[in-house]
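Line by line, the protein sequences give chains L and F. So in numbering that gives the first Met the number 0, the last one in the first sequence is 254, and the numbering has no gaps at all. So in numbering that gives the first Met the number 0, the last one in the second sequence is 287, and the numbering has no gaps at all.
Because the hints were derived from the structure by calculation, they are not lab data. Where hints are given, some of them may not hold.
Reference listing, derived: stretches of chain F covered by chain L, where coverage requires no fewer than 3 residues with Cβ under 8 Å from a Cβ of chain L [to be verified]:
no.: 1; region: 19-32
no.: 2; region: 128-139
Some, not all, of what chain F presents toward chain L, calculated at C-beta under 10 Å [as the list claims (entries may be wrong)]:
no.: 3; residue: Met0
no.: 4; residue: Lys1
no.: 5; residue: Val13
no.: 6; residue: Pro55
no.: 7; residue: Ala160
no.: 8; residue: Asp167
no.: 9; residue: Tyr199
Bear in mind that the values here come from a model prediction, so they are computed numbers and not experimental data. Even for Gly, the Cβ is constructed at its ideal location relative to N, Cα and C.
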Amino acid sequence: MTFSAIFGAWIAAFLTLGIFSYLYKDNPFYKIAEHVFVGISAAYVAAISFWTQIYPNLFGRLFPKDGPFSFTGLEFDFNHEFNILYLFPLILGLMMLLSVFQQFNWMARWGIAYTVAIAAGLKAFGYLNSNVLNQVKASSVDLFSGSLPFFSLGGDSVFNNIVLLIGTISSLMYFYFSKEQTGNFGRFTRLGIYFLMVSFGASFGFAVMGRISLLIGRFNDLIEYSSVDYNYGTFYVLLFIIIVLGFWSFKNREK
Amino acid sequence: MKFLEDIILKLGAVDRRFIFLLIGLAVLIPLLTPITLPVRETPTTVKFYEGIDNIPKNSKVLVSFDYGPSTRPEIHPMNVGVMRHMLRNGHKIYISCLWPDGIYMALDALEEITDSVNPDNQSTFDIKEYEDYILLGYRPGAEAVIKGLASDLRKVYTVDAKGRFIDDIEMMDEIQNLNDFAYIYSGSAGYPGTFEWVKYGGDPTGVPMSSGTTSVQVNEVIPYVQTGQLIGLLAGMPGAAEYEKLIASPGIAIQGMAAQSFAHIVIVIFIVFGNLAFFIKQRRDRKY
Chain L
0 MTFSAIFGAW IAAFLTLGIF SYLYKDNPFY KIAEHVFVGI SAAYVAAISF
50 WTQIYPNLFG RLFPKDGPFS FTGLEFDFNH EFNILYLFPL ILGLMMLLSV
100 FQQFNWMARW GIAYTVAIAA GLKAFGYLNS NVLNQVKASS VDLFSGSLPF
150 FSLGGDSVFN NIVLLIGTIS SLMYFYFSKE QTGNFGRFTR LGIYFLMVSF
200 GASFGFAVMG RISLLIGRFN DLIEYSSVDY NYGTFYVLLF IIIVLGFWSF
250 KNREK
Chain F
0 MKFLEDIILK LGAVDRRFIF LLIGLAVLIP LLTPITLPVR ETPTTVKFYE
50 GIDNIPKNSK VLVSFDYGPS TRPEIHPMNV GVMRHMLRNG HKIYISCLWP
100 DGIYMALDAL EEITDSVNPD NQSTFDIKEY EDYILLGYRP GAEAVIKGLA
150 SDLRKVYTVD AKGRFIDDIE MMDEIQNLND FAYIYSGSAG YPGTFEWVKY
200 GGDPTGVPMS SGTTSVQVNE VIPYVQTGQL IGLLAGMPGA AEYEKLIASP
250 GIAIQGMAAQ SFAHIVIVIF IVFGNLAFFI KQRRDRKY
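Input sequences plus hints: build the corresponding full structure.
Here it is as C-alpha cells:
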C-alpha cells in the first residue's frame with residue numbers, strides 16, 4: 000500500500016467520523032469536515048467546468064487555430080472553426096461575473112434573464128410531453144378488455160387498473176377547491192387523501208432506505224480503513240476524535 | 000398494564016443519540032459478520048434485466064454516470080452490474096457524465112471490471128479503451144447537454160475525457176447523436192439524471208432507455224416505467240442487489256441487504272413504540 004493511499008484513507012476516515020460526530024452535538028470536527036466539503040466541492044466544480052466546457056467549447060471556437068485572432072497569439076486547437084456567435088455567451092458570462100461590483104450588478108440581470116428564458120423554454124416542452132401527456136395517456140387504462148386477469152400482485156390486472164383509475168381521479172379531485180369538500184364529494188376526496196398518504200408513506204420508506212444505504216457505504220469504507228493495510232486508520236482516528244471531543248465537552252460543560 | 004405503559008412511555012422518550020447508536024450497530028454488525036438473506040426480484044428489476052438482455056448483440060450503448068461519491072453505495076453497484084451485463088453481450092460502451100464527479104465514479108467502475116486490475120475476480124473482462132469503451136467525460140449544462148447530445152454529440156464532445164479529439168477516435172466514427180445508440184442507461188442520483196434523460200433524451204429520440212436511481216427518487220420515477228418511457232428500473236440498493244443476483248455476479252449490494260433489513264427492523268420498532276407512547280400519553284393527559 001502506498002503512502003498516498005494510506006494518507007488518503009486516514010483523511011477519509013477523519014472526515015467521515017467528523018461528520019458522524021454531529022450525532023453527538025455540533026462540534027469543531029463537524030465544522031472542519033463541513034467547511035472542507037463545501038470549499039472543495041465549489042472549487043472542484045468551478046475548475047472542472049472551466050477546463051471541460053469554457054476552455055474547449057468557448058475559447059476553442061472563438062480562438063481556433065488559424066482563426067481571425069491568431070495574430071494575438073491566442074490559439075486553442077480543439078478542431079473547431081471560428082464562430083462569432085460564441086461571443087454572446089462570453090459577454091453574458093462576463094456580465095454575470097461583474098455582479099461582484101455594485102455599480103455593475105445590473106449587468107448580471109441580462110445573463111440571468113437569458114438563462115431563465117432558455118431554461119423555461121427548454122423545460123416547458125419536456126414537462127408537457129413526458130410528465131403530462133404521457134402520464135395522462137398511461138392512466139387511460141382498459142378496464143374491461145377481458146385479456147387481463149382480474150387480480151395480479153405484480154403485473155397488470157383489472158383490479159390494479161380500477162385502483163389506478165380511482166386513485167388518480169380521487170387524488171386530483173382533492174386539489175379541486177372550487178367546490179366545498181362535503182357530502183359524497185367530500186368522502187371521495189378523502190379517499191384521495193388516503194391514496195396520497197400511501198404515496199407519502201412509500202416515499203418516507205424509500206427515503207429511509209436511501210439513508211441507510213449511504214450509511215452502509217460509509218461503514219464499508221471505515222471497515223476497510225480499519226485493516227492492517229491502512230495501519231488501523233479508523234481506530235486511531237476514532238480514538239483521537241473521542242479523546243478530543245471528551246476534553247472539549249469537559250472544558251465547555253457549562254454550555 | 001400500567002407498568003407496561005410506563006416502559007413504553009420511557010422507550011418513546013428515549014434520547015435520540017441512543018437511537019442513532021442502535022441503528023449504527025444494526026448496520027455495523029451484519030457488515031462485520033456477513034449474513035446472507037434471500038433476495039427476491041421485483042417486476043421492475045426483471046423488466047430492467049430483460050431490457051438490457053434484449054439489446055441486439057454487439058450494439059453501441061450509452062451509459063451515463065450521473066452521481067457522485069455521496070450516493071455511490073446505491074448507484075455504483077448498479078452501474079458496475081450494468082456494464083458487466085453489457086460487456087457479456089459484446090456491446091460497446093460510451094460513457095458520459097452529467098455530474099462533475101461522475102467521471103471518477105466511471106473510472107472506478109471500469110477498474111472494477113477490468114481483468115488486468117482485478118485478476119482474481121471472475122466477473123472481469125479484457126477490455127480496452129477506444130475499442131470496448133470510451134469515456135467521453137463530464138460536460139456542465141444538465142438538460143442542455145442531453146439536448147445537445149440528441150441533436151449533435153460532436154458539438155458537446157469535441158474531445159474525450161483524456162483530451163483526445165473525438166474525430167480521431169475510430170470508435171466514434173458512426174456516432175453523430177443519440178439516435179445512433181441502441182440503448183441509453185442512466186445511473187442517477189438526482190438532478191441532472193433520470194428525469195432529464197427521459198424528457199430530453201429517451202422521449203424525443205425514441206431510443207429505449209432505463210435507469211438505476213437512488214431510493215429517494217423511486218416514487219417519482221416509477222410512473223415512467225408504467226408508461227413505458229423507462230424499460231424497468233433499479234430502485235436503490237435492493238434494486239442493485241436483485242440485479243446482481245440476476246446477472247449472477249454477487250457484490251456489495253447483496254452484502255448490504257442484511258444491514259438494510261436489520262436497520263429497518265430497528266426503525267420500525269421505534270416507530271411503533273413512538274406511536275404507542277404518543278397515544279398512551281394523549282390518553283393519560285385527557286384523563287387528568
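Now for the hints, and whether the structure bears them out:
As drawn, the region 19-32 of chain F meets chain L at 7 residues by the rule of a beta-carbon pair under 8 Å; at three or more, the given contact holds. Remark: the region 128-139 of chain F is confirmed as covered by chain L, as 4 of its residues place a Cβ nearer than 8 Å to a Cβ of that chain, reaching the required three. For F/Met0, the interface hint is violated, since its Cβ never comes within 10 Å of a Cβ in chain L; the closest pair sits about 30 Å apart. Checking F/Lys1 against chain L by beta carbon gives a least distance of about 32 Å; that is not within 10 Å, so the hint is violated.
For F/Val13, the shortest C-beta to C-beta distance to chain L is roughly 14 Å, which exceeds 10 Å, and the interface hint is violated. Interface hint at F/Pro55: violated, since its Cβ lies 26 Å from the closest Cβ of chain L, which is beyond the 10 Å cut-off. Interface hint status for F/Ala160: upheld, as the beta-carbon distance to the closest one in chain L is roughly 9 Å, under 10 Å. For F/Asp167, the interface hint holds, the least distance from its beta-carbon to any beta-carbon of chain L being 8 Å, beneath 10 Å.
At its closest, the beta carbon of F/Tyr199 sits 6 Å from a beta carbon of chain L; the interface hint therefore holds under the 10 Å criterion.
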